[in-house]
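Peer 1: Each chain is listed here by its residues.
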Amino acid sequence: MATLNGTSNGHGKMLSLTLQIWRQKNSKTKGRMEEYKIKGVSTEMSFLEMLDMLNEQLIKEGKDPVAFDHDCREGICGMCGAMVNGYAHGPDEATTLCQTHMRSFSDGDTITIEPWRAKAFPVIKDLAVDRTSFERIIQSGGYISVGTGGTPDANAIPIPKEAADRAMDAAQCIGCGACVAACPNASAMLFTSAKISHLANLPQGQVERHFRAANMIRAMDELGFGNCTNHGECEAVCPKEIKMENIALMNREYFGAMM
Amino acid sequence: MATVLDSKVPSGPLGEKWEKHKFESKLVNPANRRKFSVIVVGTGLAGASAAASLGDMGYKVKAFCFQDSPRRAHSIAAQGGINAAKNYRNDGDSVHRLFYDTIKGGDYRAREANVHRLAEVSVNIIDQCVAQGVPFAREYGGLLDNRSFGGAQVSRTFYARGQTGQQLLLGAYSALSRQIHLNNVEMHTRTEMLDLVVVDGRARGIITRNLVTGAVERHSADAVLLCTGGYGNVFFLSTNAQGCNVTATWRAHRRGAFFANPCYTQIHPTCIPVHGEDQSKLTLMSESLRNDGRVWVPKAKGDKRRAEDIPEAERDYFLERKYPAFGNLVPRDIASRNAKEVCDEGRGVGEGQAVYLDFAASIARVGENVIRDRYGNLFDMYAKITAENPYKTPMQIYPAVHYTMGGLWVDYNLQSTIPGLFVLGEANFSDHGANRLGASALMQGLADGYFVAPYTIGNYLGGTKLDPVATNAPEFGAVENDVNERVNKLLSVKGNKTPLAFHKELGKIMWNDCGMARSKDGLESALKRIPELREEFWNSINVTGEAGEFNQQLERAGRVADFLEFGELFAKDALVREESCGGHFRTEHQTEEGEAKRDDDNFAHVAAYEWTGKSGAQTRNVEQLIFENVKLTQRSYK
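Chains as they are written, first to last, in our numbering: chain A, 6 to 264; chain B, -14 to 623.
Looking at chain A on its own, in the form it has when it is part of the complex (with noise of 0.2 Å):
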């Protein structure tokens, strides 16, 4: 490794860190948190780089590495997240764990590192979480039931600017769980009513608008995730900043279909 100016790249600053992390070697054990040490931590790094350097420490000292989802590393594909000191996917407003950078840390800092925590996201292993119940909310219901081809034109239905403007503010979703770890119900109303509104928004979601908002919700309650009681902790931790007004939405939808 390069070590101009004392960093691994020539710019950046170096932290040595404690890490408080989550332990636990699968869902029928019980956890606990460990701590380490790590040196040499650049600025520049990412949060996820910080635990690979961790687990090439960790391997080279004998010990078993910790296990976190990730993949894409660039804030899409929604399969990073822990508990950083508290907050889903750390202290950066509308950032992914994999998007946060060390340089949000000082030298010296202890981070707590602990997965999602909800009944219906029971532990892997480490920080890795069983977000199935997440597909079964979709596949109850979270899309518009067409078959491929036999379409009509793309522009065959002009589609207002606002609507199609609010339908992707909502569908920016991935679906990362955030929402329903920093719930203190362990709620998974935003990421719900995010595909709802989605689809309501469009001409397209109306034929199947009451169906789907009745399905999804039924889903959800079945699948051991809580209610809302507006404490907007979802919407504080949302990477992709889906609004809470996504609720209501889908609330209106659900009494539309009660109706």
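Be aware that one or more of the hints could be misleading.
Calculated lysine-lysine pairs in the BS3-like style (CA-CA distance at most 27 Å, straight line) [what the hints assert, rightly or not]:
(1) A/LYS18 <-> B/LYS289
(2) B/LYS5 <-> A/LYS18
(3) A/LYS68 <-> B/LYS479
(4) A/LYS30 <-> B/LYS482
(5) B/LYS482 <-> A/LYS68
(6) B/LYS582 <-> B/LYS307
(7) B/LYS(-7) <-> A/LYS65
(8) A/LYS18 <-> A/LYS35
(9) B/LYS479 <-> A/LYS42
(10) B/LYS482 <-> A/LYS42
(11) B/LYS474 <-> A/LYS30
(12) B/LYS489 <-> B/LYS369
(13) B/LYS450 <-> B/LYS(-7)
(14) B/LYS489 <-> A/LYS44
(15) A/LYS68 <-> B/LYS489
(16) B/LYS369 <-> A/LYS248
(17) B/LYS450 <-> A/LYS65
(18) B/LYS479 <-> A/LYS30
(19) A/LYS65 <-> B/LYS479
(20) B/LYS493 <-> A/LYS44
It is worth saying that the hints were derived from the structure and are not from the lab. In this text the structure is predicted, and so the values were computed from the model without any measurement.
Put chain B on the given structure of chain A with help from the hints.
Peer 2: Just chain B now, with coordinates in the frame of chain A:
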């Protein structure tokens, strides 16, 4: 003995081949479809659209992905857009023009008939996606908006802000979720394909590992579709997701599928430059930014002033200067090579391996708000990674490995050299030749999955007598044993070097010797060093943990082991292809102006490699490319 490759391209005029082929294809009666089972590996645009379409038609589908949800496949990260020959702009676009641009952009190394079909079905894709609720960008009148992309002089790119791949994948994912709900598709998440099972010469199943429990499992079917993406991660640093790998296609190659043009790699010109040794990936800044950003470096070498302090007269807008017709929108391979060239001259900015992408002129012209509306999420991402504000300071960019045009060889039906094994999307080699144009990957993935494979698989299933195969057949047992042996071997070495360390070392060899500029000396050195590194790997790899548990070290080790074999074939292919074409640039073969110099007399063909039992000893087979509808010329974007 070289095998003769039959592309099975239908006869007749180019524009009528696909219609004719569809009509002549065998059909499977709707009531009989449930008697056929199909395995789909990978759930990106190609896999999710294929699984959803086949499930919708009535086939029994099993789909697999290594992520925890099909929605996370790396198609999700595509930013800029998707091409379609809609001609909504009235600017002279047509199916033939999209076909022509794609063939030319690929430097005349793609199969004409496949590319024309791609251009034909491109228009259906946009209709399909809009019907699913994909929120494409619209104008105030309510109709769809378009933008321009490299290698084209028309505006045919549809987009959803800077997240087009995400929205298209979520569309395909929603269709797939519906089919899962209807019990037409059985979805296996966190499951990785580790080998292919061939029975009586036909692909009849796969062996998988459940990544949560470690259980090795058998799955049988009447056809297998690989939609497993590209192999850019052989370079370690690329814009690909961490999990992207070559294992599924490589294992199929070892079972008899030919691997075509492995050396064709796209180096994308606009990525955020490398920051240090511990970096794990490179982040792309969409090509769409070149619509409004101007690429430049200082005219003087070693000019260390801040961008804002360098006067207009002392800047070199090198793409606009050298290619006045296309300017900043030249194809990716040309933009990348030119960026490397100016940095090699000592005119790079930042740490030396970067050029500016400057939005000042566009912001002055249309205002910051319009730029924010077009690219806001990309600017935010850039700011998060670099801690710089691109609205005020030009972005710094540098080329990075992004996409691989090579892949398993397929015929017109997307069928590999193993009957019953179909390959879709980036995993096949078929449509982009030696260079892919921007916004064409999404188009190809969805074209293959929604509109091509459903017909050609029906033709296969309807026209083939398939004996029933159960997973207790001896062939399944044999392949499962191979898989278990390999897993146990990885765990038993107990050496002193991690999978990540080996991956980085391989990546360095690949980038230095098989990257943007390739030479005989460099490639020969890579061909010497890769087998050495592979041997070291099998003597000193350290994989912690056990087989029967969630073990991410084991996952990476298996993928790196396959990259260590694949990298050798890559270098071999690059060495034999004694010409420059598209993304494959051999320093020995360039024009006086430094442009890629093709050798059509000797290399207007596809190289398809056949496994012969030993890594590096593959036989090179050739499919001659026949151009009846375009004239091969030196590409010019000047």
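Peer 1: Hint by hint, where does the structure go against what was stated? Just the numbers, ascending.
Peer 2: 2, 7, 8 and 17
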